[in-house]
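Colleague: So the chains spell out like this:
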Amino acid sequence: MARITAGVASSHVPLLGVASDFNKDRDDYFGPIFAGYDWTREWEKAEKPDVIILVYNDHASAFDMKIIPTFAIGCGERYKSADEGWGPRAVPDVEGHPDLAWHIAQSLVLDEFDMTIINEMDVDHGLTVPLSMMFGKPDAWPCKVVPLAVNVVTYPPPSGNRCWALGEAVRKAVESFPEDLNVQVWGTGGMSHQLQGPRAGLINKEWDNMFLDGLVGDSDHLRRIPHIEYLRETGSEGIEMVMWLVMRGALGKKTRALHRHYHVPCSNTAIGHMVLRPDNGEGLDMTGSDTVTAIAAE
Amino acid sequence: MITEDPRHQDIHEYLAEMEDIPGTRVFTAKRARQGYHMNQFAMSLMKDENRARFKADERAYMDEWPLTEDQKLALLARDYNRCLDLGGNVYFLAKLFSTDGLPFAEAVSTMTDMEFPEYRAMMMAGGRSPEGMRSIRANEAAAAAKKEDR
Chain A
21 MARITAGVAS
31 SHVPLLGVAS
41 DFNKDRDDYF
51 GPIFAGYDWT
61 REWEKAEKPD
71 VIILVYNDHA
81 SAFDMKIIPT
91 FAIGCGERYK
101 SADEGWGPRA
111 VPDVEGHPDL
121 AWHIAQSLVL
131 DEFDMTIINE
141 MDVDHGLTVP
151 LSMMFGKPDA
161 WPCKVVPLAV
171 NVVTYPPPSG
181 NRCWALGEAV
191 RKAVESFPED
201 LNVQVWGTGG
211 MSHQLQGPRA
221 GLINKEWDNM
231 FLDGLVGDSD
241 HLRRIPHIEY
251 LRETGSEGIE
261 MVMWLVMRGA
271 LGKKTRALHR
281 HYHVPCSNTA
291 IGHMVLRPDN
301 GEGLDMTGSD
311 TVTAIAAE
Chain B
1313 MITEDPRHQD
1323 IHEYLAEMED
1333 IPGTRVFTAK
1343 RARQGYHMNQ
1353 FAMSLMKDEN
1363 RARFKADERA
1373 YMDEWPLTED
1383 QKLALLARDY
1393 NRCLDLGGNV
1403 YFLAKLFSTD
1413 GLPFAEAVST
1423 MTDMEFPEYR
1433 AMMMAGGRSP
1443 EGMRSIRANE
1453 AAAAAKKEDR
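Chains as they are written, first to last, in our numbering: chain A, 21 to 318; chain B, 1313 to 1462.
Hint data in this document are derived by calculation from the structure and do not stem from the laboratory. Please note that the accuracy of each hint is not assured.
[To be verified] Footprint (simulated), chain A over chain B, 3 or more residues, beta carbon under 8 angstroms:
no., region
1, 1335-1346
2, 1351-1360
3, 1376-1384
4, 1394-1408
5, 1444-1451
The beta-carbon is built from N, C-alpha and C at its ideal position, and this holds for glycine as well.
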């Protein structure tokens, strides 16, 4: 049976892709950001996930204003890196997992989540930057990816509660897939940032850290934060954090944190990153615990 | 942190709150409709050949789109706050930033009251504080209370 073994949260600022692609990832500006992902890169090598269900939003790349799907799932064989106006990122194609994706899509629809099915699309920095952050610069991505795109651009986006519930339904769907697969769910975007208007540049460290705290343990209070709270407290683009709640919802009642990183700024944005383990008696061992010890000893 | 049950939100109250944030234009359906062609125009700049044609004659290229005169003028002037007022969305307008070869953060800074070096320094120092930036109504109420005190 397939099972969800971990959740990963990460910002997906496009500039991180540029830093990675042009080898600036260890300079004075980007070094402290990327250093916070070193632990995770080693941990991922030990975890060897088969598939990532990658929750992200498209930034006017695959979707324009013609069609605005609230929740869309990629069921294709592969996805190319989108040209976002300066040429596509020189990263490997993203390989899909159509069997699992279609299984999840069908299960979700039966579970009353009316998904949009995407068979062909390009994927932008929202999806490829998290892959770079977690896997570095390989010739091919080390696992398959099921893209799960959420509208957080045109209002209203889905509520945090709905995102959490979608995560719960994704978990159910994954657990009924007969193949033995190690599946991670990643929630991307955020944290506080505002890219528009006179209030641009807003950052709220205190609120972001409360949000990070809220992902750990058995509380589900984050699912009830209304949109207006994200907008007022974390900037107009901070709303992307609802996508983290799909990931959190997919981890079941309780989680524990394996790793946490927070840094300001990256361009206009606060970088947040967290690695979570579901903690509901799944009996998941501390795979990667050697890494934890090794890095702690450094 | 507010954690209300958002399941029974009234759409009118919801939209009214969206307009209560200082210095912010939330991309509501109303703005999305108003700016539809402006955003689709910006989207067309994803293609090299369109970028070339636009750069050769911006006005002529925009005349091919059903944009309002105000929208064309705001785009020509790169007045991004005005573009937001006319229904533009920053992820779409970003296609114009990159056509101009302008880094994202620098383009964003043009919407604030700061020059880019000052904006960048603010970000390096931890960004803009949300204090006093949460609610137009709350700011007005605070100002009125202060006036009464005097």
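Colleague: Hints first: check each against the structure and report whether it holds.
Modeller: Now for the hints, and whether the structure bears them out:
1. 1335-1346: holds (count 8)
2. 1351-1360: holds (count 6)
3. 1376-1384: Violated - the region 1376-1384 of chain B has 0 residues with a Cβ nearer than 8 angstroms to chain A, which falls short of three.
4. 1394-1408: With 7 residues in contact (Cβ-Cβ under 8 angstroms with chain A), the coverage given for the region 1394-1408 of chain B holds.
5. 1444-1451: This one holds; 3 residues, not fewer than the three required, reach chain A with a Cβ under 8 angstroms.
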